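S.K.: Residue numbers (my numbering), protein chains in the order written: chain D, 1 to 156; chain W, 1 to 802; chain F, 1 to 301; chain U, 1 to 161.
Just so you know, the hints here were simulated from the structure itself, not pulled from any lab data.
Just so it is clear, the structure is predicted and the values come from calculations on it, not from any experiment.
Be a bit skeptical, because a hint or two may be false.
Result set (EDC-like, lysine to aspartate or glutamate): computed pairs, CA atoms no more than 16 angstroms apart in a straight line [claimed, not checked]: (1) W:K495 <-> W:E643; (2) U:K140 <-> F:D26; (3) U:K81 <-> W:D142; (4) D:K144 <-> W:E741; (5) U:K122 <-> W:D716; (6) U:K56 <-> F:D26; (7) D:K2 <-> F:D26; (8) W:K674 <-> D:E127; (9) U:K140 <-> U:E6.
So you can see what is in the structure, the chains are spelled out below.
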Amino acid sequence: MKVTVAVNGTYYTREVEPRLLLSDFLRHELGLTGTHVGCEHGVCGACTVLVDGQAVRSCLTFAVQMDGAAVTTVEGLTPAEGELHPLQEAFREAHGLQCGFCTAGFLMTLVPYLAEHPNPSEAEIREALSGNICRCTGYQNIVKAVQLAAAKGGGR
Amino acid sequence: MSVDVRERRGEGAEAARSRGALIGQSPRRLEDARLLTGRGLFVDDVQRPDMLHAAVVRSPHAHARIQGIDVSAALALPGVVAVYTAADLGHLNGPFSVLIPHDDLQHGRGLSALAVEKVRHVGEAVALVVASDRYIAEDAADMVAVEYEPLPAAVGLEAAVAPDAPLVHDGVPSNVAGHYVRNVGDYEAVRRQAHLILKERFRVDRGAASPMETRGVVAIPEGRGLTMYVSTQAPVALRAWLAAWFDLPEMELRLIAPDVGGGFGPKVMMMYPEEVLVPFAAMRLKRPVKWIEDRREHFVATTHEREQVHDVEVVVGADGTLLGLKTNFLYDSGAYSPYGIQIPIISATTLPGPYRLRNYSVEFRAVYTNTPTVAVYRGAGRPHGVFVMERMMDRIAEALGLAPMEVRRRNFIQPDQFPWDTGLIYQDWAPCKYDSGDYPALADRLERMLVGVADEVAQARAAGRLVGVGMGFYVEGAGPGPYEGVRVRVEPSGKVQVATGVGTQGQSHFTTLAQVVAGELGVALDQVHVVTGDTAAMGWGIGTFASRAAVLVGNAAYLAAQAVAEKARTVAAALLECTPSEVELRGGRAWVGGPAGAGEPAGAGGSAPAGARETVRSLPLGEVARRANPLRGTLAFGEPGLEATKFFSPQQSTFPSGAHAAVVEVDRGTGFAKVLRYFVVHDCGTMINPMVVEGQIHGGVAQGLGGALLEKLVFDEEGQLLTTTFADYLLPLATDIPAIETDHITTTSPLNPLGIKGAGEAGVIPCHAVVAAALEDALREWQVRISEMPINPCRIWELMQR
Amino acid sequence: MKPAPFDYYAPATMGEVLALLREHGDAAKLLAGGQSLVPMLNMRLARPGVLIDLNRVAGLTGIRQEGDTLVIGAMTRHAEVERSELVARLQPLLTEAIAQVGHIQIRNRGTIGGSLVHADPSAELPAVLAALGGSVRVAGPAGVREVAAEDLFLMFFTTSLQPDEVLTEVRLPVLPARTGWAFEEVARRHGDFAIVGVAVTLTVADQRATKADDLVITGCRIALTGVGMTPVRAAAAEALLVGRPPSQAMLAEAAAAFRAEIEPDTDIHATADFRRHLAGVLTERALGRALQRAAERGGGR
Amino acid sequence: MQVAGEFVFQAGRDAVWQLLNDPEVLGRCLPGCEQLVPVAEDRYAAKVRVGLAAVKGTYEGSLAVTDKQAPAAMTLRIDMKGTTGFVAIAGRMLFEAGEPDAPAGGEGGVASTRVAYDWDVKVGGPVAMVGQRVLGGVAKWIIGEFFAAAKAELAARGSAV
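Chain D with its partners taken away, still in its complex shape:
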C-alpha cells in the first residue's frame, strides 16, 4: 500500500506492506535509526514518537495508518547538527542517560508533556515517565533533567 507521511517536516511516500510497524518504517525504510525498539509490545516506551504532536508507541502503530499524518522523531528535535534541544541539553547537564538506548523515547514523551505541564512536581514527573523504562540510570538523573528543563522554561 502507498503511504505518504510527513516525518520531521519532510514528506515521504513509500509503498509498504500493511503489517509494517511504524517503528520499522522509520528505522528501516527512512533510515531514521534514532527511534529504538525495546520490546515491541508497548511497555518499554523506547520507540515513542510524536504523531500529530502526541506521544505514541511506534511499535503499536502500522505505517499505513500514518497516511497524511505528521510524525516527529528524535532526529526532528534538533534544528541542526551540533545543536541540542533544551531538553536534550538538560539531559546532558544532569547525566540523564548512560547507554542512550531508551533516551529518544524519554525525550519524545517529555516534549509534549512539558509543553502541557510547564511546572511539574517530582511525583508528577515520575508518573509522566512511568511509560518509559530505563535500565541504566535508576531514573534519578532523568527526573533531575526534567526539573532542569522545566526551570529553564520547559521544553521549548
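Since the structure of chain D is provided, determine the placement of chains W, F and U on it from the hints.
M.R.: Relative to chain D, chains W, F and U alone:
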C-alpha cells in the same frame, strides 16, 4: 556529595595527588550529544542494501527429543533464502567449549549453535531461517515443522537434585555439574565451643538483566573476510574465539561492538548460538546477514541469573563476635554451564564481607535444570553472599538484643588490618585478599546520613504506618585481570585518539578515559577522541564486566598517556632547546620557560599568550607529533610520532566496599511495599568522574530494588517460562525508585597507579539484604522472617496473616 | 516479533465497515487504538486475515451530553476523555478511572470503545461501565442496538457483540445528585493491569432535615476488576448498604460480604485468597471515599 | 497446572459412563471441537478451534481414553498442538454413584453420579509465555462448558427416551 580522601601512605593514587587534574572532576559526557540526537550506532542501526535477515526457530519444550525437522514448507516461502539445522553446520555446530573450566566443575557442558537430538530448555535454538526481511523470516520460522517427543523436565533446584529427577544431560549424575568444598580455619572446632548457634535457609530466585537493547549480530562479508557488529561486552575476546572457530585468520575478522544499549552481564556470555549462526550464514550466502533478538526471545535465549538456596549456620560468641559460618548451597546453572562455576565461587568468596570471619566452611553444588542457561548479571553471585551474611548479622543482633549496627561494628575488619586475607581463592584464581578499606568509616557515614531517620520512622509508626529501616554492608571483588590495554596517539592535528579493546554499554568510557588522558597530556577534554570495542582499532583486550573497565582500562590509559607525555616532552625539549623536565604540557601545547602556570592560553590549543616574555616559548602538541614523524633522515626519538600502547595487568582483584540503608513502608491493607528513602555510602577508591560513579550507583540500586520487590522469572513445573513480557517481568519504573542519597569515602587501592577499585556493580549488591531487613522492621508486630527474595505484595500479605 | 500478514482496509464510513465485516466475517478484526491488539499481532497470538481500521471512520469520536446521559464516541481516545471537562463534571468516576489506564502514550492512542470490547477482566473501563450501569450502542447488519453493561461481557476477552457488529458509542448515566464516587486499584507498578480494582458510586439522602449528619444510603453500585472472568458486580454488598445509614463498620461489613461472593483465580502475581482480601480492602476504601464525596455533594446539584 | 473438580449429573452411573464415552457426545461437548475422528479403539484424531478475542487458534492432535474401569474410572489424555502453542491434558476421571435424592413422594429419587476429575494441564509455547494471567481461568471455563454441554446432552437423551 562529599568526598573524603583517605590515603594510606606509600600506596597508589598518584594521580589524585598530582598531574591528573581532570581526575575527580565531573565534566559533562562527550558521548551525549551523539546519543541524545539519535546519532548513536547500535547494532540494529547497521544497514546494507543487500542485507538478509535471520530468525531463529526455538524449542517450545523444556526437555524433548527432536524426532525430525521438516524445513521444506519454510524453504518454499518466497523471500526465504536458507534454512539451516544442526546438520548443515557440521563440526561448526559445537558443542562450544566451557568458557571457564575449573577443577570443581566435574561435568561442564557447553552450548551448541543448534540443538542436536535433544532440546534442554524452552527457547533453545533449533533452526535458523534467513530471508529478505525479518517479517518473512518470522513467517518461515513458523513453518519449520519440528517433531518433538516431550520428556520430563528437571525444574527447580531441590527437584533437580532429588533422586528420581529427570537428567538434563546423559552422564551427569543427579544433575550436579560441579561440587565445591572449602574450609578456612576449623568451623567444626569452633562450633563445639559456641555460645549461640543460629540456622536458616535462604533463597534468592531468578531474575534477568534485561538491557533495553536486546542482543544482535550483523555479519558482513568484506574482502576475503568478515566484519561483524555484535552487541557484546567482549568484542576482542569474541573475535579471537570466532576466528579460531571458523578457522579464519584474525586479520580477516573485524569485530565491532558499536554503541551497546546496556549489558549488565549477559552480553559478555560467549558463545551465544547466534554469534556463530549469523556469520556462518553470511559466509555461506556471501551476503550481509542481520539477526536482532526480539524481546520474547530475549527472555529465553539470553542468560539468566540469581537462583540459589543456602542452608546457613553461624556460631556466635556471647559478645556478638562471629566465630564461624557454614553454608551449604545449591546454584542453578540452567541447562548448560558455559561460565562453569564462576558465579557460585563469587558467592562463596563474597559472603564473608567486611567481617573478621576466621572459621568458614562453604560447600556448593552447581545444578543443571531444564531452564535457560545461567550466567552473570550485575553483581554476579555477590548479592547472594551478601544476602546470607547480612541477614545472619541481623539475626545475631536480634538474638543478643544488640542494635544491627553494633553487631556489625564488633565484627568489622579494622583499617589497620589491611591487606586482609580471607583465606579463599577468588574467581580470578588470585587470593581473595582485601587491598584497602575502612569499614568503620562507612558505618560512621551511614549513621550520619541516617540522623533524623529514626525520628521520622518513629513518627510514622506512631501514626499507625508500617515503616521500617534496614541496612547492609558488602565488600566485592572487582577489577579482575588478566589485563587491558590502551593505545594513545597524538595526531598532527593536535587531536588525541585513545583506543581500547573493551566495549561500552553506557559506562561513559568516552568521557572518563578522555579525562585520564587529557590530564596527562594537557589538552582540552574535547580534543580526546576515544574508540572502544573495535578490533581494527585495538586488537587486545578482554571485556567490560566485573567492574573492571575503570580499574584496568583507566590505568592502562594513564600509563599510555604518561608514556606519550614523556615522549612529547623529549621531542619538544629538542625543538625548544631545553631539557625534557623543563617542558610543561598544557593548553594543547608544550611550554618551556617562565614560572609555572605563566602564559596559560585562553583556550585549547591557544596561540602564544599575550604579554608572554621572550623566554616563554611553546609549540602546539600536534606540531610536536608531526616533528616526531619526519619525512627524511633518521628517527631521532625512537619510534615515530607521539604514540604509546600500554597494558595494565593487576596481580589480583580490588575490593571496593559500601553500606546501604533503606526506609520501606508496607501498606497495612494491601501488603504493597514502597521504598521511601535509600542511602548509599560507597568506597570505590579513586573516582575518575564522581558524576559517572553516582550514575552507576543509581542504576545499580534500581536494579537491586527491582530484584528485591518486582523482578522474578517464573517457570511452571514443566519448565515453561511464564514471564516473557514486560507486563509480567516487572522492571522498575520511575514511580518505583526513590531518589537515592549517596555519600563516598575514598580508600585508594594500592594495587594500581590511580588507586581505583571499580564501581559498576556496587549499587545492586546489598539491595536484597537491605530491603529484607527494612521489611522485617516495618512488619515487626508480626515478627516475620524474610529469607526469600524477591518478595511480592501477595507474599508479604501472607506473612502478615500469621 | 513481527505480525503475520493481513489485508488492511481503512473505511471512511460505518456502511463500509459493515460491508467489510459482512464480506470477511470471522476472518476480520477491527482495529481501534490498537494498544491491546497490536501486541497480540506482534506476538502472532492473533493472526486475523483482515484488519479493518476504524481510525478514519467518520462520526465515531466526540463527547456530548444527551439529557441524563453522557455519550462518548467509541473511537474517542482515552486522553481526550481524561482531559474532558464535560466528563469530569458529568461522570467523574470515569475521569478518575481513565487516568489509571496504562501510560500517557497508551492513553493518547487507545480508545474507549476499544477498551470495552477488548473486555479484559483486569481493565478499568469495563468495571466503570458495569458500576455505572451504562450501555453501549452497537451497529450491525440489522441496524443499531443498545446493549446494557450487564449483557455485554461474557467472559475473558469476550463480549456479546457478534462478529459483524461494531461498537459505536458508550452511554453512561450522568452522576446523580448527592452521589459520591471512587475508583481504587492496586497494580504491581503504576499503569500495570490492576491485580484488583473497584469502581463505586454511592448515593445518600438526608434522613432528617434537622440533622445534616444523619444520612442514609439510597443507592450504591460496586463493580470490580481482576476477580473473575468479567467485571463483577457486588450485589450482596450493594443490597446490604442501601437503605441504611452509613458507618465505617457497615462499609467493612459490605466489603466482607463481597469477599464471600467472589471466586477469583490465582496467577503469578496474586493468589485467589490475596485477590479476595484485596477486593475487600479496596471496596472498603472506595466506599469510604465515595461516601465522603457524597456527603460533600450533599446539597445536590 | 493441576485442575481438579467435580460435576454432578442427575443420572445413573452407567448412563453417565456411556455419555462420556460416546465420541459423538465428546465432539459436540468439547468447546470449539471441529473434528473428532476415531483412529483406533478409544483413540481419536481431534481438531479444536479455540478463540479468545483476537487470539484464535486451531489445535490438532489426539484424544485418548485409557485405563478404563467401566463404569467407575478412566484416564483421559488430550494432546493438541497449534500455531500459538500446545496443550497436554492427562488425568483420571472417577465416576461415583451418588445417593438417590430423598424420596419426595414415596417413590425412589433421581439417581445421581458424581464425576470427579483431576487433570494435569500442560500449556506451552507462545500462549503460555504471555497468557499466565488468564490460563487458569480459561481452563476452568472450558471444563465448565464441557460438563454443562454434557449435562444438556443427557437431558436431551432423557427426554428422548
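S.K.: Please go over all the hints and tell whether each is borne out by the structure.
M.R.: So, going through the hints one by one against the coordinates:
A hinted pair counts as satisfied when its Cα atoms are at most 16 angstroms apart, and W:K495 with W:E643 qualifies at roughly 12 angstroms. At roughly 25 angstroms between alpha-carbon atoms, U:K140 and F:D26 are farther apart than 16 angstroms, so this suggested pair is violated. Restraint check: the Cα-Cα separation between U:K81 and W:D142 comes to about 13 angstroms, which is no more than 16 angstroms; the hinted pair holds. Annotation: proposed proximity of D:K144 to W:E741 holds, straight-line Cα distance about 13 angstroms (limit 16 angstroms).
At roughly 9 angstroms between alpha-carbon atoms, U:K122 and W:D716 fall within 16 angstroms of each other, so this suggested pair holds. Restraint check for U:K56 and F:D26: satisfied, since their Cα atoms lie roughly 10 angstroms apart, inside the 16 angstroms limit. With a C-alpha separation of about 27 angstroms, the suggested pairing of D:K2 with F:D26 is violated against the 16 angstroms cut-off. Using a Cα cut-off of 16 angstroms, the hinted pair W:K674 and D:E127 holds, with the two alpha carbons roughly 15 angstroms apart.
A threshold of 16 angstroms between alpha carbons decides the hint, and for U:K140 with U:E6 the separation of about 11 angstroms falls inside it, so the pair holds.
Violated hints, in rising order: 2 and 7; the structure is consistent with all others.
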